[in-house]
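Visitor: Given next are the chains, with one letter for each unit.
There are 2 protein chains.
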Amino acid sequence: MQKLFEYNWQVRDDWFSWCETVPEEELLKKRVGGVGSILYTLFHIVDVEYSWICGLQGKPEPEEPPFESYASLSKVRKLSRQYHGEVESFIKSWTDNMENTQLTEVDSNGKTFSFRYGEVMRHVIAHEIHHVGQLSVWAREIGWKPITANLIDRGLFT
Amino acid sequence: MQKLFEYNWQVRDDWFSWCETVPEEELLKKRVGGVGSILYTLFHIVDVEYSWICGLQGKPEPEEPPFESYASLSKVRKLSRQYHGEVESFIKSWTDNMENTQLTEVDSNGKTFSFRYGEVMRHVIAHEIHHVGQLSVWAREIGWKPITANLIDRGLFT
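Sequences listed follow chains V and R, in order. For the first sequence, the numbering used here gives the first residue as 2, with consecutive numbering after it. For the second sequence, the numbering used here gives the first residue as 2, with consecutive numbering after it.
One chain only, chain V, in its complex shape:
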């Protein structure tokens, strides 16, 4: 489980570096599909990972910060770094016997949901990889080479 989080964090950092090479208006431009722009996608990935991990830690889920306050590369990157310590510490403490612990959530309509911790962990992993796939299409649309999605050869298993 941890290795897939490490993969996501490495790929995310590569995308942040990639963003430095792209004009900011391209990062903020509204695009078709996904959550609508390159930078908003990265912001959304950071926010969703942190919210779920807060839930698993028994902390209240934070309000989603308004994207308008984070609509620059430096701010999204700073937010990612700010959350990362807590997220990483939880992921590193993960053990298989946490798999079946239940997380109970109440949505905005008052409906109660219950998920196993293992389900949430995999959801967070897949969520980021999926959105990064969207970034790769948009990158090509603006004529830029996307970050490789390869998991092999990243030094994650050495």
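Keep in mind the hints are simulated off the structure, nothing from the lab. Fair warning: there could be bad hints in the mix.
Below 27 Å or equal to it, Euclidean Cα-Cα: the simulated BS3-like pairs (lysine-lysine) are [said to hold, decoys possible]:
hint	chain 1	residue 1	chain 2	residue 2
1	R	30	R	76
2	V	30	R	93
3	R	31	V	31
4	R	31	V	30
5	V	4	R	4
6	V	4	R	146
7	V	31	R	60
8	R	30	V	146
9	V	93	V	31
10	R	4	R	112
11	R	93	R	79
12	V	30	R	146
13	R	76	R	60
14	V	4	R	93
15	R	31	V	146
16	V	146	R	60
17	V	76	V	31
18	R	4	V	93
19	R	31	R	79
20	R	30	V	31
21	R	76	V	112
Bear in mind that the values here come from a model prediction, so they are computed numbers and not experimental data.
Knowing the structure of chain V, use the given hints to seat chain R on it.
Guide: Frame of chain V, contents of chain R only:
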């Protein structure tokens, strides 16, 4: 590990059903990014998963079948089903003590690569999710609602 494969297979089946609702010329149309078309993406996912799993089973990797021979929804779906038995049987037999077994491969330039089995398994998982993220953008481009990427609420953990 198995749960993420099950997620991929369920999402893939959902995309195959989704494809039935879309004119075949849209499925085959060359698009920007990824491997270039909706159907070729599904074909590529199926082929890559099978090739790596053959490697992990100690079988010779099959030649990549020419996409031209599979350029219809029914053929790609049939190929996916054809490979699935072997793939599923291997994934179901997976145990944690296979993590560090080494797979040694020689590429077309004669260069030797060595990967741990656990690395390859996660690579295959991430590969499919990434490409499916690309499908979701292309779906919106043609005005279709994409298949949800949510892993929670798919009944995978009940």
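Visitor: If a hint holds in the structure, say so; if it does not, say that too.
Guide: Consistency of the hints with the structure:
Note on residue 30 (chain R) and residue 76 (chain R): the hinted pairing holds, with a Cα-Cα distance of about 17 Å set against a maximum of 27 Å. At roughly 44 Å between alpha-carbon atoms, residue 30 (chain V) and residue 93 (chain R) are farther apart than 27 Å, so this suggested pair is violated. As the CA atoms of residue 31 (chain R) and residue 31 (chain V) are separated by approximately 23 Å, the hinted pair is consistent with the 27 Å bound. Between residue 31 (chain R) and residue 30 (chain V) the alpha-carbon distance is near 23 Å, which keeps this suggested pair within the 27 Å criterion.
Distance check on the hinted pair: residue 4 (chain V) and residue 4 (chain R) sit about 15 Å apart at the alpha-carbon level, within 27 Å; holds. Restraint check: the Cα-Cα separation between residue 4 (chain V) and residue 146 (chain R) comes to about 32 Å, which exceeds 27 Å; the hinted pair is violated. In summary, the hint linking residue 31 (chain V) to residue 60 (chain R) is not supported, as the alpha carbons are separated by about 47 Å, beyond the 27 Å threshold. For the proposed pair residue 30 (chain R) and residue 146 (chain V), the alpha carbon gap of about 21 Å is at most 27 Å, so the pair holds.
A distance of roughly 36 Å separates the Cα atoms of residue 93 (chain V) and residue 31 (chain V); the hinted pair therefore is violated under the 27 Å criterion. A hinted pair counts as satisfied when its Cα atoms are at most 27 Å apart, and residue 4 (chain R) with residue 112 (chain R) does not qualify at roughly 33 Å. Annotation: proposed proximity of residue 93 (chain R) to residue 79 (chain R) holds, straight-line Cα distance about 21 Å (limit 27 Å). Straight-line distance between C-alpha atoms of residue 30 (chain V) and residue 146 (chain R) comes to about 21 Å, which keeps the hinted pair within the 27 Å bound.
Of the supplied pair hints, the one linking residue 76 (chain R) and residue 60 (chain R) holds, its CA atoms being roughly 24 Å apart against a limit of 27 Å. Taken as a hint, the residue 4 (chain V) and residue 93 (chain R) pair is honoured in the structure, with Cα atoms around 20 Å apart against an allowance of 27 Å. For the suggested pair residue 31 (chain R) and residue 146 (chain V), the alpha carbons sit about 18 Å apart, so the restraint of at most 27 Å is met. This hinted pair does not check out: residue 146 (chain V) and residue 60 (chain R) have alpha carbons roughly 34 Å apart, beyond 27 Å.
Taking the CA atoms of residue 76 (chain V) and residue 31 (chain V), the gap is near 18 Å; set against the 27 Å cutoff, the hint holds. Restraint check: the Cα-Cα separation between residue 4 (chain R) and residue 93 (chain V) comes to about 20 Å, which is no more than 27 Å; the hinted pair holds. A threshold of 27 Å between alpha carbons decides the hint, and for residue 31 (chain R) with residue 79 (chain R) the separation of about 22 Å falls inside it, so the pair holds. Among the hinted pairs, residue 30 (chain R) with residue 31 (chain V) is consistent with the structure: their alpha-carbon atoms are about 23 Å apart, no more than 27 Å.
A threshold of 27 Å between alpha carbons decides the hint, and for residue 76 (chain R) with residue 112 (chain V) the separation of about 43 Å lies outside it, so the pair is violated.
Hints 2, 6, 7, 9, 10, 16 and 21 from the list above are not met by this structure, while the remaining hints are.
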